[in-house]
Amino acid sequence: MHTKKITIDDIKSVKILLRVDFNVPVQEGVIQDLSRIKHVAPTIEFLRKAGSKIILASHWGNPSGYEEKLSLKYLIPAISNIYNANVVFVDDCLEKNASDIIDAAAPDDLILLENLRFHLEEESCCCNFAKKIASLADFYINDAFSASHRRHASICAVPKFLPHAFGLAFLDEWRMLDYFFHNAPVPKMTIVGGSKLSTKINLLKNLVKKVDKLALGGGIAGAFLAYYGNDSLKMFHYEEYRNDITEILKNAQECGCELILPVDFSALIHKHDHDNRTIIYSGNGKTSVFDIGPESVELFRRHIRESATVLWNGPLGLFEKTPFDFGTLSVAQEVAARSREGKLTSIIGGGDTAFAMSKFGIDQDLTYKSTSGGAFLTYLEGNSLPGIVAMENPLTLVN
Numbered sequence: 017m018h019t020k021k022i023t024i025d026d027i028k029s030v031k032i033l034l035r036v037d038f039n040v041p042v043q044e045g046v047i048q049d050l051s052r053i054k055h056v057a058p059t060i061e062f063l064r065k066a067g068s069k070i071i072l073a074s075h076w077g078n079p080s081g082y083e084e085k086l087s088l089k090y091l092i093p094a095i096s097n098i099y100n101a102n103v104v105f106v107d108d109c110l111e112k113n114a115s116d117i118i119d120a121a122a123p124d125d126l127i128l129l130e131n132l133r134f135h136l137e138e139e140s141c142c143c144n145f146a147k148k149i150a151s152l153a154d155f156y157i158n159d160a161f162s163a164s165h166r167r168h169a170s171i172c173a174v175p176k177f178l179p180h181a182f183g184l185a186f187l188d189e190w191r192m193l194d195y196f197f198h199n200a201p202v203p204k205m206t207i208v209g210g211s212k213l214s215t216k217i218n219l220l221k222n223l224v225k226k227v228d229k230l231a232l233g234g235g236i237a238g239a240f241l242a243y244y245g246n247d248s249l250k251m252f253h254y255e256e257y258r259n260d261i262t263e264i265l266k267n268a269q270e271c272g273c274e275l276i277l278p279v280d281f282s283a284l285i286h287k288h289d290h291d292n293r294t295i296i297y298s299g300n301g302k303t304s305v306f307d308i309g310p311e312s313v314e315l316f317r318r319h320i321r322e323s324a325t326v327l328w329n330g331p332l333g334l335f336e337k338t339p340f341d342f343g344t345l346s347v348a349q350e351v352a353a354r355s356r357e358g359k360l361t362s363i364i365g366g367g368d369t370a371f372a373m374s375k376f377g378i379d380q381d382l383t384y385k386s387t388s389g390g391a392f393l394t395y396l397e398g399n400s401l402p403g404i405v406a407m408e409n410p411l412t413l414v415n
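Under the working numbering, the residues of the sequence shown are numbered 17 to 415, in order.
The hints are simulated quantities; they were obtained by calculation from the structure and are not laboratory data.
Incorrect hints may have been included.
What the hints assert, rightly or not - Label-pair ranges, simulated between beta-carbon atoms: (1) 256 x 201: 15 to 25 Å; (2) 338 x 120: 46 to 56 Å; (3) 271 x 201: 35 to 45 Å; (4) 412 x 380: 45 to 55 Å; (5) 359 x 20: 17 to 27 Å; (6) 267 x 26: 42 to 52 Å; (7) 408 x 43: 35 to 45 Å; (8) 48 x 80: 35 to 45 Å; (9) 120 x 356: 40 to 50 Å; (10) 201 x 379: 18 to 28 Å; (11) 82 x 43: 13 to 23 Å; (12) 28 x 57: 41 to 51 Å; (13) 356 x 390: 28 to 38 Å; (14) 26 x 304: 52 to 62 Å.
We treat Cβ as the ideally placed atom computed from N, Cα and C, and that holds for glycine.
Take the sequences, apply the hints, and build the full model.
Following this line, the structure appears as structure tokens:
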């Protein structure tokens, strides 16, 4: 697929439009996780070494036009601190002075374009919009795997107008997911959590045919347990997906995939005006379940110890709130420990899951942590990514 290699010498003093994904989580004005900003460091350092002028292009949130709170100018301190660079801000990539601002920037500056989604043409994949963005640079690099499931102008149309390549972080993630499917050591185990079964149906249908163990948590596990007639979990609605669950279970049996479901749960109780938890089992009656219980944690841990590769997408409970972080934290610590000892290949993906690993402080112990959400799922479902398809005859960055 890659027909020519691009070396440092080839892009010296060249203006590079680098598509990144700085769509970071923010709470009360404070960035909760800097992983996506740090994720593209290999590509930025490569381009800096080459003496390229780097133009960062990203979206943030889902604005319908300009929204002050989603202006990328608020990310400037974080970007500047992480990359030890002055950040030059272009508040409208379509303004006539955008090129002048870019040309006037110092060689070591990072140039940041305003939120691309402030222009409706971005999400409609408008070619004219893409052409105008492309006119700001000499070369295009897509280092936003996490946004490449979107048919947006900066992902799918800009490559039509510039020579292009995939970024180093993009290639790492792509290779890691291919490695999981084709070369990762067995037994392979996948942990899938999250609250909504609807978002994971296609993922489960594909993975159940490719892994040895499939462990479920969160509302997804609740839907499967309700399907089995678990009285205590009637709060989970599965009827709409009865045929899908039946198909998944049938394929699991045919493909020899062991399905692992929680056996106990952490439920919310109110005591003296404070939230607390109690452990419940099947038959305890309907209640508010927010996490898996200690016996389920031990069950998951045992299967992790029996596995050589674990891929994890989706938290097992309400990990943001104590004491319902117990399940996700405990299982994560097992995955981290095994990975640290070299006994497990671990691949973690999905926005909430990646955030949880950062929150728990175990990022460095994992084999690979993806910062992708929808793109991660789309690829694992067996679908092609528009951002990959759009890159016809891409060039390859080499040191």
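Are there hints from earlier that the structure breaks, and if so, what are their numbers?
-> Violated hints (numbers, rising): 1, 3, 4, 5, 8 and 12; every other hint is consistent with the structure.
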